[in-house]
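Visitor: For reference, the chains in residue letters:
Protein chains: 2
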Amino acid sequence: MPELRQNYFTKEWVIIATERAKRPEELVTHRTLKAPARYVETCPFCPGNENKTPPEVMRVPSGANGTWQVRVIANKFAALSPDIKPTRVIHRSRRSMGGFGIHDVIVESPNHAHVTCLMTDTHVAVLRAYKARYDALSLDRRIAHITIFKNHGTDAGASLEHPHSQLIAAPVISQQIRERFQQALSHYDEYGECMFCQMVQEELGEGKRLVIATDHFVALQQFASPTPFCMHIYPRRHMASFGDINPEEIGDLARVLRTILGKLYVGLQDPDFNYSIRTAPAEYAGVKYFHWYLSIIPRLTRVAGFELGSGMFINTVLPEAAAEFLRNVKPENAARAG
Amino acid sequence: MPELRQNYFTKEWVIIATERAKRPEELVTHRTLKAPARYVETCPFCPGNENKTPPEVMRVPSGANGTWQVRVIANKFAALSPDIKPTRVIHRSRRSMGGFGIHDVIVESPNHAHVTCLMTDTHVAVLRAYKARYDALSLDRRIAHITIFKNHGTDAGASLEHPHSQLIAAPVISQQIRERFQQALSHYDEYGECMFCQMVQEELGEGKRLVIATDHFVALQQFASPTPFCMHIYPRRHMASFGDINPEEIGDLARVLRTILGKLYVGLQDPDFNYSIRTAPAEYAGVKYFHWYLSIIPRLTRVAGFELGSGMFINTVLPEAAAEFLRNVKPENAARAG
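Order-wise, the sequence lines are chains W and R.
Going left to right, the first sequence walks through residues 1 to 338 as the numbering used here numbers them.
Going left to right, the second sequence walks through residues 1 to 338 as the numbering used here numbers them.
Read the hints as simulated data drawn from the structure, not as lab findings.
It is possible that part of the hints are untrue.
[What the hints assert, rightly or not] Below, in silico cross-link-like pairs of lysine to aspartate or glutamate (EDC-like), each with a Cα-Cα straight-line distance of 20 Å or less:
| # | chain 1 | residue 1 | chain 2 | residue 2 |
| --- | --- | --- | --- | --- |
| 1 | W | Lys34 | W | Glu248 |
| 2 | R | Lys11 | W | Glu12 |
| 3 | R | Lys76 | W | Glu3 |
[What the hints assert, rightly or not] Listed below are several chain W residues computed to face chain R (Cβ distance under 8 Å; list not exhaustive):
| # | residue |
| --- | --- |
| 4 | Pro2 |
| 5 | His112 |
| 6 | Gln175 |
| 7 | Ile177 |
Glycine included, C-beta positions come from ideal geometry on N, C-alpha and C.
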């Protein structure tokens, strides 16, 4: 029997379509898991090719002579430019603004073949680079909102294979984020608590949609998950802004992220995916009603005309079944699979 | 120089990314345009296989003995079911409802190889079937909103090749539609006119983003178009609901839609696309502040982590360039190309 579920945070409805239901196993990619070469001569992100990229913004050195663990560089095909004034133009119904902004690439490893889930704890250096850039750019008053994200695989929009993530700092706050803040504020005003904190406690109590819970983070399938295996990782401690994460939490998040990505890699055979950090804009960093999280979206299905035309999603995998499937995947098998 | 543009209706920002800019020609699919077989024995939508589909809901007869132009049937893999009560369940932060609803398939032609843009005026029968079903289902008080849509090609989510569209009638109004209504109402309350009517007049005056204008319809690229070649077709007459379209307008819309789809077919070589009718829910059919339209989205690019993480889109084709490109495509060449 199909069911409609409403996302409490966005108020959006999702159809959980049991007539079209798929067991989680049916979405396995059936790809052969093989590591690409560790070094590709033509790859601009491989060591030795540092001069092929735009200027370096920062690097995490590796300790060894002149080498690095993580490099942050300007995006060669930047969507926004630091050299434009964010001046607004209003002409009748048309509103525009100069395309001011920052667009970084975070090269996650010198190893072209590196798979996030196969790393030991080195992903912590990537998260530290995210935070360093986030903190630095949050001080720029022209910047309204920062999005940190990763595209893995061509279905997820990745054009280069070498593991990397991106950061875009924009001079506006999107309407979608404005609306989510409005919903979160309404909840706070009515109940006097952060709705994300409340939901995490409910999910810990119920357990059915949990994937992992550690000292500092909880990874779960949402009750009204819009797409199969889409997951959120929430910090247990109330924080509106990713910029407030502390060093111990960064270490824990690196482990949780590696485990979750490892479960996807092994359980679904290296699906294409995106992840992004959903954080409060800098000017709202201290608010009691919003809670940052990391959203992971495996790209296993296509958005079609119904979703585009109605704003509603059809999810063919029961979130509780997806959570159970992922709880049972052992990412330690990743090393062998890779 | 990149530019940020804000959609006046949704308030959403779009990055028009000129550093990554593509000339419209660069998005041509380079597919070979070839018609599939006119009849496929195993296709459930081909004539003679009518018993392979769920019960017929309605048909437009062709005049000839026992044959049909258009058939409407229940979807074999329906997302929602007419046999479930739309009862709401509220438990802490979780809201759900029985998956009540109607899910039709509209088989657009008995000809498996039929291409919308190659038809003469027969698409009018498809639009009449849309309206007949829309009108009938609008009378059902359990139904809150009806979405009519088409998926063409695998990248657009189509699983069957035989030309067809779909209709889903749901017992809820999506939050996205609620928000668009709220924006439209705010504009009306401030200016005393429908913001869509106002924008269509502005665009007719300026001309740069127009693709076609006929007696009853205007097809244009939006100023803040989120994806390349995405188009809207607006009726000139103010109507909130698709159900208010009259027979003369249906004939004109069939011609406009055929021309637009023909321009895409010829100009971009049969790109995968979705279209959907964005209409007021039945209970708002008479409102002065909302205006229905048909939205066409060619699936030429992938949504990636930035879009998923921020709600903002990056469009690599200037809407004015896309409109000019499409104005210059002659869909009459479709017959030869097909």
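Visitor: Look at each hint and say if it fits the structure.
Guide: We went through each hint and held it up to the structure:
Among the hinted pairs, W/Lys34 with W/Glu248 is inconsistent with the structure: their alpha-carbon atoms are about 33 Å apart, more than 20 Å. Restraint check: the Cα-Cα separation between R/Lys11 and W/Glu12 comes to about 18 Å, which is no more than 20 Å; the hinted pair holds. Simply put, R/Lys76 and W/Glu3 have alpha-carbon atoms about 17 Å apart, close enough for the 20 Å limit, and the pair holds. With 8 Å as the threshold, the beta carbon of W/Pro2 comes within range of chain R, its nearest partner Cβ sitting at about 3 Å, so the hint holds.
Restraint check, W/His112 versus chain R: the minimum CB separation of about 20 Å is more than 8 Å; hint violated. With 8 Å as the threshold, the beta carbon of W/Gln175 comes within range of chain R, its nearest partner Cβ sitting at about 4 Å, so the hint holds. Annotation: W/Ile177 was flagged as interfacial toward chain R, and the flag holds, the nearest CB pair being 6 Å apart, inside 8 Å.
In terms of the numbered hints stated before, the structure departs from hints 1 and 5, listed from lowest to highest.
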